[in-house]
Structures are given as C-alpha cells and as structure tokens.
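Same order as they appear, the protein sequences are chains A and B.
Position in the first sequence (from 1) plus 4 gives the number in this note's numbering.
Position in the second sequence (from 1) plus 550 gives the number in this note's numbering.
Calculated directly from the structure, the hints in this document are not laboratory data.
Note that the structure is a prediction, hence the values are computed from the model and not measured.
For each residue, glycine too, the CB sits at the ideal point set by N, CA and C.
Treat each hint with caution, since some may be false.
Claimed, not checked - Not close to chain B: a few residues of chain A, all C-beta gaps over 10 Å, as computed:
hint, residue
1, T7
2, G17
3, I34
4, V104
5, G135
6, E195
7, N225
8, F231
9, Y234
10, A270
11, I296
12, Q338
What the hints assert, rightly or not - Taking beta-carbon pairs under 7 Å as the criterion, some of the chain B residues facing chain A (in silico):
hint, residue
13, D567
14, H579
15, F603
16, Y622
17, D674
18, L676
19, V677
20, R688
21, Y696
22, L699
23, R727
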Amino acid sequence: MTTNDLERRLREGLRREAERIKPRERRTEILAMVHDDTQLIEPRRRWLIPIAAAASVALIGTLVWGVSNFGGSQQITPAVAVPSALSSANAKVSGASTQVALPAYFVGATSTAPAHYGLYREFVLTAVARGATLAQKARAALTVAMNAQPFTKYEPYLQPWSATTVKKLTLTPNLITITLSGPGARGFTAEQTRLAVQELVWTAQAAIGQGPIPVKFVVANGSVKLFGTYPTAPTYNRPTKDLQYQVLAPIWITFPERGHLFAAGAPVVAKGESCAFEGTTQWQLKKSGAAIRSAVTTASSGCPTRGTWQVKLGVLAAGNYTLRMYEVSMQNGQTVAETSKTFTVK
Amino acid sequence: MAEREEAGPAPRQWAADAALTDLYGAHWHSLVRLSWLLVRDQQLAEETVQDAFVAMHSRWSQLRNEDLALAYLRRCVVNSSRSVLRHRKVEERYLNAETNARTAHGITAEPSAETRALAHATGDRLVAALGRLSRRQREVLTLRYYLDLSEAQIANALSISPGSVKAHAHRGLAALRSDEEGHS
Chain A
5 MTTNDLERRL
15 REGLRREAER
25 IKPRERRTEI
35 LAMVHDDTQL
45 IEPRRRWLIP
55 IAAAASVALI
65 GTLVWGVSNF
75 GGSQQITPAV
85 AVPSALSSAN
95 AKVSGASTQV
105 ALPAYFVGAT
115 STAPAHYGLY
125 REFVLTAVAR
135 GATLAQKARA
145 ALTVAMNAQP
155 FTKYEPYLQP
165 WSATTVKKLT
175 LTPNLITITL
185 SGPGARGFTA
195 EQTRLAVQEL
205 VWTAQAAIGQ
215 GPIPVKFVVA
225 NGSVKLFGTY
235 PTAPTYNRPT
245 KDLQYQVLAP
255 IWITFPERGH
265 LFAAGAPVVA
275 KGESCAFEGT
285 TQWQLKKSGA
295 AIRSAVTTAS
305 SGCPTRGTWQ
315 VKLGVLAAGN
325 YTLRMYEVSM
335 QNGQTVAETS
345 KTFTVK
Chain B
551 MAEREEAGPA
561 PRQWAADAAL
571 TDLYGAHWHS
581 LVRLSWLLVR
591 DQQLAEETVQ
601 DAFVAMHSRW
611 SQLRNEDLAL
621 AYLRRCVVNS
631 SRSVLRHRKV
641 EERYLNAETN
651 ARTAHGITAE
661 PSAETRALAH
671 ATGDRLVAAL
681 GRLSRRQREV
691 LTLRYYLDLS
701 EAQIANALSI
711 SPGSVKAHAH
721 RGLAALRSDE
731 EGHS
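In isolation and in its complexed conformation, chain A is listed as follows (with noise of 0.2 Å):
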C-alpha cells in the first residue's frame, strides 16, 4: 500500500468515523455561561477546564427574533420561533447586524393558588449592530423584555411595560441611567410592579455583564414616580444573593429550551435552577399531554439559597414532550411553584 492509499483511506476513514455522531446545538448555552450574571451552577468537572468554574446556567433561549433597530419604534419579527404561528416570518437582519443572545427578564406567575410571581430569564437571539457598545446591548435586551407579547402564548408573563419603550440609556462605571418613555401601565398589584422594575435592573445588568451597577430611572413624561409607587430619585439594584428569593422564580428550567428538537436516540438531560425547601423539586414527563413518568430532583442547594439540579430523562422514544418541574408544599400538599417546558424527540 502507498503512502497516498494510506492516507487516502485515513482521511476518509476519520471523516466516515466523525459523521456518525451529530453535535447537539449548544450555542445559546455557551452565549448564557459567558453572560453568566448570577454565578450560580457549581463548577462543572473542574478537572477538565478551570473556566468551567465560571459557568454558571445553561440556557434556554427559543424564541428567535430580530430587533430590526434600537428605537422605540422597534420591530420584532419571529425568526425561529420554534412551536407556533410565530414562526411564520423571518427575521430582518440587516447587513450591518449580527445576531447575539441578550439575557431578557420577564414577570411570570409561579404558582396560580394562591397567585405568586417571580422573574424568569430568557436569552433571546437578538439583531444588533456589529460594534454595538453596551449601552446600545442593554437598550436591545431591554426593549426584548419590555415586550412580553411574544412569549405569552407559552410563558405566564404579564406586560407591565406594555407600550412603554426605552427612549435612552446611559452608562457610566458607576450608573446606568435608563430613561423610559412612560411610568409604566396600569392595572398591576404592588408585587407584580415591584418585580417589574426588577426586571429591568436585572436585564440591564445581565447585558450589560459588569456587575451590580446602580439602576437609575427617568421617565421622559416627567413623572416621578413608576408604576405611581416607585420614585425615580433613588437608584435601584438587585437584592443581594440571599435575598434573591424574593425577587426570582423558584424554578428554571434552563435545559431543554422550549421547543428544543433532540436527535433520536440522544439521551435527554434537563437542567435548571431551584430555590425550593431542602432543595427538592418534583418533575413529571408527559408524552403527547400524557404524564409517563415523574419523580424527585434535589438541587445543590436549598432555599434560601438558589441551587442548581439535573434530571436524566435517558433516552425517550420519538415524539412530543412536556418537562413540568414543581414544588409542593410540605404544609398542605399545595403546589407552591411549577413551571414546564416541551421539546420533541425526532
């Protein structure tokens, strides 16, 4: 055999080889652990990389739309919005745009009995200008999550923000200045407006990515006060860690996004973050809205501490899914907090 033949058959060889595996799409899961604002996921096989030490959630964002510009008068349009209508229409991009994950917040329910609300994170695959500044990054992320529309026929988000837009952001090591075009809508109970505000502190900081800078607020109708409760003269800012309870939803699931597509004979890992008594988070899996299976996950950590769980679902017949997490309580066997998503086998 020649020295070609050889080679030949090697480089074909490893090429047939290499092809019998299909990577899974991680993308918008690396675009979360290097925005990783809350350092939460305990270092993964910290043998293997030291950065993995600063991962920190896994992703999950699904809906994929393009921000045609920053103004207020930005328009959304669906590019890959997996499980519905949405999905009808391309997103625009222009030539001058790149695509990026911006960390978005919205105000979700987390339990319907009695109602409670926390905030849940979304990475929505976003069309910026190349060479955007962070300030024009926070703007974006921000109108994303003043616009919960989108995400209302699958996610118990409300609109607090609805047609109030960003009119400016201003950035300094020390504040961020974001001036918004009116003090919010009306019709909102005081803890659904003070998460509101919440959540855009914590989406400008996540897009930001520097920390916990002050959040100060102007409303451009000169109003001084948001949501009628909230004064814009002091700054605002996430609680700290062992406070965030107060402020987050008890349960993410960061893996699978909703509406993930996992290869056949893949086995299914989900993945998320809890902050539930003693750490233990109850899952189901329904098939075709049927439940198949279920059982108990104990995260890291329990509350008031927000750790990090996994499920092995292992390897699941073709078809459509359902992952709901959910808390019951310990008390009277309510279910204090739940929250689900689907994905489908192919």
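Mind docking chain B on chain A? Use the hints.
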C-alpha cells in the same frame, strides 16, 4: 464623571460575542467531532468544546483575531480531550480494582473487541488501528487527516515542535501501514 450617551466603557465584550457567534457557526461541528474522535463520548466531546468556547470568550482581549482564537480553541479541545482520557483511565483503574466493572461512561479509551470487529467489518480497520497508537500519534494523525491541519498548525495545537509533529506522523503512519500489511 460625565455620562456618555450610548457609550459603554469598551466594546471588548461585544467583540467577544461577535467572534464567538462567528466561530461557533463555522467550527462547532468540526471541533465536537474532533473531540469525539479523541474521547469517543459525544456528551463529553460537546462539553469539552463548549468549555473551550467559554474559555475563548473570556480570553478574547488577548486573542483579538479569529485565527488566533481558532488556534486557541483547537488547543483547548485537544488538551481537554486528553484530560478526559486521563481522568477516565484513573477512573477505570479504580473501578477495575474495586469491582472489575466498566466505567460509568461505558466507553473505554481503547476500542472494545466488539468495536474492533465492527470497524473491521465496515472497512474502518484503519480507524480502529489508529485507536491503538500512542496518544500523541493518534492526536497528530487525527488533526492532520481529519482537520487537514498543517504541521505548524498541529504543532501549535499540541504545543510541540513541528519536528515532533513530523516524527509522530511518520511513526504513526508506519504503524498503521504495518497493521494493514498484517491483515493483507
């Protein structure tokens, strides 16, 4: 300090995002497959490459251009894949000593007899033989014939000299040829 409208402290983070997005689109699949060829575990391969991208992003200020970043990614992937194998061997030795059981990964660094038979049956005997070479020879030949890297690029990825690359490639190919002739 005066506020600067629409001005962030620096666009460094932004450039890193754009680079990550571009490099991911262009190289995610090939890097995962490269790692898979070295560790034979898709989950670990994906995690290895994922961590490499995160590391690349955090070092973007030192890398600054996509060529350097790609070289850095390859180096991370090869080094981390090697760490996976080293870790797995420690784990195997421990488990074998304790229970004579296979590792939790279920896939050992060396192909099983069944894998070898399958490879033989499907004409991929060379790939199976590649798995029996020394670690360094296997890495050199995989980078050369899977990614089609030059000697200089392989040297950079493995942090060895181009001369060593040439020597490992020569010895590796000689061993493969010998193995092939043994079967003919």
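Check the non-interface label on A/N225: least C-beta distance to chain B beyond 10 Å or not. 19 Å, holds
Would you settle whether the hint for B/H579 is holds or violated, based on the nearest Cβ-Cβ distance to chain A being less than 7 Å? Because about 5 Å separates B/H579 from the closest Cβ in chain A, which is inside the 7 Å limit, the hint holds.
Can we keep the B/Y622 interface hint, with Cβ of chain A closer than 7 Å? 12 Å, violated
Outside-interface status for A/F231 - nearest CB in chain B farther than 10 Å: Since the minimum Cβ distance to chain B is about 25 Å, A/F231 lies beyond 10 Å and the statement holds.
Does the no-contact call for A/I34 survive, Cβ to all of chain B over 10 Å? 5 Å, violated
Report holds if the minimum CB distance from A/Q338 to chain B is greater than 10 Å, and violated otherwise. The claim stands: A/Q338 keeps its Cβ more than 10 Å from every Cβ of chain B (closest is about 37 Å).
Under the criterion of a CB-CB separation shorter than 7 Å, is B/R688 in contact with chain A as hinted? 11 Å, violated
Please verify that the nearest CB of chain B lies beyond 10 Å from A/A270's CB. 8 Å, violated
Please verify that the nearest CB of chain B lies beyond 10 Å from A/E195's CB. 32 Å, holds
A/V104 remote from chain B - nearest C-beta pair above 10 Å: At roughly 5 Å from the nearest Cβ of chain B, A/V104 sits no farther out than 10 Å, so the non-interface label is violated.
Just to be careful: measuring from the Cβ of B/L676 to every Cβ in chain A, is the smallest value less than 7 Å? With Cβ-Cβ at 5 Å, under 7 Å, it holds.
Can we confirm that no CB of chain B comes within 10 Å of the CB of A/T7? The claim breaks: A/T7 does not keep its Cβ more than 10 Å from every Cβ of chain B (closest is about 7 Å).
Checked against the numbered hints given earlier, this structure breaks hints 1, 2, 3, 4, 5, 10, 16, 20 and 22; the rest are met.
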